[in-house]
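Protein chains in written order, with this note's numbering: chain A, 1 to 339; chain B, 1 to 339.
I should point out that these hints are in silico values taken from the structure, not numbers from a laboratory. Every value quoted in this text rests on a predicted model; they were computed, and no experiment measured them. Treat the hints with care, as some may be off.
Within a straight-line C-alpha distance of at most 30 Å, the following computed BS3-like cross-link-like pairs (lysine-lysine) qualify [to be verified]:
{"id": "1", "chain 1": "B", "residue 1": "218", "chain 2": "A", "residue 2": "254"}
{"id": "2", "chain 1": "B", "residue 1": "203", "chain 2": "B", "residue 2": "218"}
{"id": "3", "chain 1": "A", "residue 1": "273", "chain 2": "B", "residue 2": "187"}
{"id": "4", "chain 1": "A", "residue 1": "247", "chain 2": "A", "residue 2": "261"}
{"id": "5", "chain 1": "A", "residue 1": "250", "chain 2": "B", "residue 2": "250"}
{"id": "6", "chain 1": "A", "residue 1": "134", "chain 2": "B", "residue 2": "254"}
{"id": "7", "chain 1": "B", "residue 1": "218", "chain 2": "A", "residue 2": "250"}
{"id": "8", "chain 1": "A", "residue 1": "247", "chain 2": "B", "residue 2": "261"}
{"id": "9", "chain 1": "B", "residue 1": "250", "chain 2": "A", "residue 2": "119"}
{"id": "10", "chain 1": "B", "residue 1": "254", "chain 2": "A", "residue 2": "305"}
{"id": "11", "chain 1": "B", "residue 1": "250", "chain 2": "A", "residue 2": "150"}
{"id": "12", "chain 1": "B", "residue 1": "276", "chain 2": "B", "residue 2": "327"}
{"id": "13", "chain 1": "A", "residue 1": "243", "chain 2": "B", "residue 2": "319"}
{"id": "14", "chain 1": "B", "residue 1": "273", "chain 2": "A", "residue 2": "272"}
{"id": "15", "chain 1": "B", "residue 1": "247", "chain 2": "A", "residue 2": "305"}
{"id": "16", "chain 1": "B", "residue 1": "203", "chain 2": "A", "residue 2": "276"}
{"id": "17", "chain 1": "A", "residue 1": "272", "chain 2": "B", "residue 2": "272"}
{"id": "18", "chain 1": "B", "residue 1": "243", "chain 2": "A", "residue 2": "305"}
{"id": "19", "chain 1": "A", "residue 1": "261", "chain 2": "B", "residue 2": "250"}
{"id": "20", "chain 1": "A", "residue 1": "40", "chain 2": "A", "residue 2": "2"}
{"id": "21", "chain 1": "A", "residue 1": "273", "chain 2": "B", "residue 2": "254"}
{"id": "22", "chain 1": "B", "residue 1": "203", "chain 2": "A", "residue 2": "243"}
{"id": "23", "chain 1": "B", "residue 1": "254", "chain 2": "A", "residue 2": "272"}
{"id": "24", "chain 1": "B", "residue 1": "273", "chain 2": "A", "residue 2": "273"}
{"id": "25", "chain 1": "B", "residue 1": "203", "chain 2": "A", "residue 2": "254"}
Computed list of chain B residues with no C-beta within reach of chain A, every gap over 12 Å [stated by the list, open to error]:
{"id": "26", "residue": "31"}
{"id": "27", "residue": "68"}
{"id": "28", "residue": "93"}
{"id": "29", "residue": "122"}
{"id": "30", "residue": "187"}
{"id": "31", "residue": "244"}
{"id": "32", "residue": "257"}
{"id": "33", "residue": "333"}
Computed beta-carbon distance windows for the label pairs [said to hold, decoys possible]:
{"id": "34", "chain 1": "B", "residue 1": "26", "chain 2": "A", "residue 2": "66", "range": "52 to 62 Å"}
{"id": "35", "chain 1": "A", "residue 1": "251", "chain 2": "B", "residue 2": "262", "range": "15 to 25 Å"}
{"id": "36", "chain 1": "B", "residue 1": "55", "chain 2": "A", "residue 2": "200", "range": "31 to 41 Å"}
{"id": "37", "chain 1": "B", "residue 1": "325", "chain 2": "A", "residue 2": "62", "range": "52 to 62 Å"}
{"id": "38", "chain 1": "B", "residue 1": "39", "chain 2": "A", "residue 2": "301", "range": "54 to 64 Å"}
Just so you know, even glycine gets a beta-carbon here, dropped at the ideal spot from N, CA and C.
Protein chains: 2
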Amino acid sequence: MKIAVDAMGGDFAPEQVVAGAIAAAKHLDCEVVLVGDQDKVQAELAKDPSWENLKISIHHTSDVIGMDEHPGAAVRRKKDSSIVVATRLVKEGHCDAVLSAGSTGAAVASALLGLGRIKGVDRPTIATPLPTAKGGVTLLLDSGANVDSKPHHLVQSALMGSIYYKYVFGTEQPRVGLLNIGEEETKGNEQALATYPLLQAMKFINFRGNAEGRDITKGTFDVVVCDGFVGNVVLKFAEGLAKTLIKLIKEAIKDGGVFAKLGALLLAPALKKMAKRVDAAEYGGAPLLGVDGCYIICHGSSNAKAIKSAIDVANECVKNNVLEHIKECVAEEAVSANE
Amino acid sequence: MKIAVDAMGGDFAPEQVVAGAIAAAKHLDCEVVLVGDQDKVQAELAKDPSWENLKISIHHTSDVIGMDEHPGAAVRRKKDSSIVVATRLVKEGHCDAVLSAGSTGAAVASALLGLGRIKGVDRPTIATPLPTAKGGVTLLLDSGANVDSKPHHLVQSALMGSIYYKYVFGTEQPRVGLLNIGEEETKGNEQALATYPLLQAMKFINFRGNAEGRDITKGTFDVVVCDGFVGNVVLKFAEGLAKTLIKLIKEAIKDGGVFAKLGALLLAPALKKMAKRVDAAEYGGAPLLGVDGCYIICHGSSNAKAIKSAIDVANECVKNNVLEHIKECVAEEAVSANE
Numbered sequence: 001m002k003i004a005v006d007a008m009g010g011d012f013a014p015e016q017v018v019a020g021a022i023a024a025a026k027h028l029d030c031e032v033v034l035v036g037d038q039d040k041v042q043a044e045l046a047k048d049p050s051w052e053n054l055k056i057s058i059h060h061t062s063d064v065i066g067m068d069e070h071p072g073a074a075v076r077r078k079k080d081s082s083i084v085v086a087t088r089l090v091k092e093g094h095c096d097a098v099l100s101a102g103s104t105g106a107a108v109a110s111a112l113l114g115l116g117r118i119k120g121v122d123r124p125t126i127a128t129p130l131p132t133a134k135g136g137v138t139l140l141l142d143s144g145a146n147v148d149s150k151p152h153h154l155v156q157s158a159l160m161g162s163i164y165y166k167y168v169f170g171t172e173q174p175r176v177g178l179l180n181i182g183e184e185e186t187k188g189n190e191q192a193l194a195t196y197p198l199l200q201a202m203k204f205i206n207f208r209g210n211a212e213g214r215d216i217t218k219g220t221f222d223v224v225v226c227d228g229f230v231g232n233v234v235l236k237f238a239e240g241l242a243k244t245l246i247k248l249i250k251e252a253i254k255d256g257g258v259f260a261k262l263g264a265l266l267l268a269p270a271l272k273k274m275a276k277r278v279d280a281a282e283y284g285g286a287p288l289l290g291v292d293g294c295y296i297i298c299h300g301s302s303n304a305k306a307i308k309s310a311i312d313v314a315n316e317c318v319k320n321n322v323l324e325h326i327k328e329c330v331a332e333e334a335v336s337a338n339e
Numbered sequence: 001m002k003i004a005v006d007a008m009g010g011d012f013a014p015e016q017v018v019a020g021a022i023a024a025a026k027h028l029d030c031e032v033v034l035v036g037d038q039d040k041v042q043a044e045l046a047k048d049p050s051w052e053n054l055k056i057s058i059h060h061t062s063d064v065i066g067m068d069e070h071p072g073a074a075v076r077r078k079k080d081s082s083i084v085v086a087t088r089l090v091k092e093g094h095c096d097a098v099l100s101a102g103s104t105g106a107a108v109a110s111a112l113l114g115l116g117r118i119k120g121v122d123r124p125t126i127a128t129p130l131p132t133a134k135g136g137v138t139l140l141l142d143s144g145a146n147v148d149s150k151p152h153h154l155v156q157s158a159l160m161g162s163i164y165y166k167y168v169f170g171t172e173q174p175r176v177g178l179l180n181i182g183e184e185e186t187k188g189n190e191q192a193l194a195t196y197p198l199l200q201a202m203k204f205i206n207f208r209g210n211a212e213g214r215d216i217t218k219g220t221f222d223v224v225v226c227d228g229f230v231g232n233v234v235l236k237f238a239e240g241l242a243k244t245l246i247k248l249i250k251e252a253i254k255d256g257g258v259f260a261k262l263g264a265l266l267l268a269p270a271l272k273k274m275a276k277r278v279d280a281a282e283y284g285g286a287p288l289l290g291v292d293g294c295y296i297i298c299h300g301s302s303n304a305k306a307i308k309s310a311i312d313v314a315n316e317c318v319k320n321n322v323l324e325h326i327k328e329c330v331a332e333e334a335v336s337a338n339e
């Protein structure tokens, strides 16, 4: 198995990406192909000479797509950019999965243009794993691939999310919720109202009704489905809220005098263990479901740990044949606008 | 000045509502009219005999609207319910403001049916204050009064939110953001794309472009405007996330041994001070803007502190003539679907 890693994508690329790849290669059995500027990647690899004993290779590319470029146009124009080449390696069968922490838009565009959609899927969807109060993970999707989705797009998301959850987290019948503003079937906007009965009618989906915002981290649903606009806002809100809380806690400790500082020191080990449970970097990657290949999207600010986790996710996806299972199930269920 | 308080609305009514009313009456100069079952309210008042020296009165009603009743139908049928009567007291000029921690749907319905909309406003909007990293407050609206809003509804929300912010928080030109999935003007769903130029064209609104989810608690915007579906999901998500984090921190302290417990004890005073800053109960009430009266909506689980804060908010609204300012400004700006 080979995993193509966009070595040039992300706020801390190539440094953190290469470090993450080395960390992953140390414990995984697959080969990591670093796609990017040979000299720059080599320079990062040289920082940890142990890499020479690992299954790591470099695939040189000369170009990079920046975070502020128009995704579609950049992917079409920059044929030798790291994300486009990494995607091509999968398309041509040289690699089994691809991951990138670069521009999400460019990743989605290169996946759509380079790999295409799975037959029967109209729109790809980003499935972001979120830690819950119960210790497990809830998959929030779509967390930003598409907006103004139609009800059948949400149903396709729910279906793909269920299959992903089943084969990656090993839960036989993942509990699916429709993100909404009330528990009752009669609540919601037009999109949610029209989606509810469609989800209810799907045999494969273990639909448990509406999920409210407060249910996302409660652990009562395994898969929560929503429009990419809402999912993206919720994810970024969580990110902002976490930063705000950490800032306020640090200020409180600083202003709290010697007792507060001592208390923080004593409490730190326990909190660090807890923080590990809710640290996004531990989950690392969000699969882009619905494209014809195993595609993992990482947060732009991914550190080495997040990249390593994302490579683990890609490895699990390939090992568990997630793509094949999704293809089979989508063909069987055939969810379309005409039904 | 008189403020009508729905004494029977909320998960902890009438106990916490009456306690909050007493706390507010102790420091405010206005009269608090407790609307509800006379015997029950009296029994709660009796717990703090000091109430007899305060400006508190009881307005008896025989009925209550439950959390699970259909709002519109219940408001029409239960003419003697606490929320309907409290609203009527404002309509008839006996009181200057009304507040309720009961069913939000019933509050919105009784406001619409009992007071009607301000001329020029198509839909009311709930403006929820959220604490920010910088110590101030960001107003998120609409946080759940309406879904599937049209662009001009969002513009009306932004206008009313700006006026409210200006007169209640004393900021001359509140910075307004449009909640979206990217900073660029070209990003977003159809609703956001169509709303952007309308906001830009409004003279009264200090529009600062798109706000992403992570900006909501950053303190870089004073007013963030969005569809009620998105606002409601974000608020409930914040609520759920806060509960999840507190649960995880408590578990971490419990499992962390004697050092962690000692650390928590030493750190507690500093954290309590910080928690006060982000405690929703400190902000208490969210004004329902756009109806022809001063209407404050409280969270269903409001405790006495939250009710007291909400009465403070109602007092500020009335004292600062927020309703008149909104009426004037809406008449001047005349935002409608036809423009």
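Hints not upheld, ascending by number: 3, 9, 11, 12, 13, 16, 22, 25, 27, 30, 31, 32, 36
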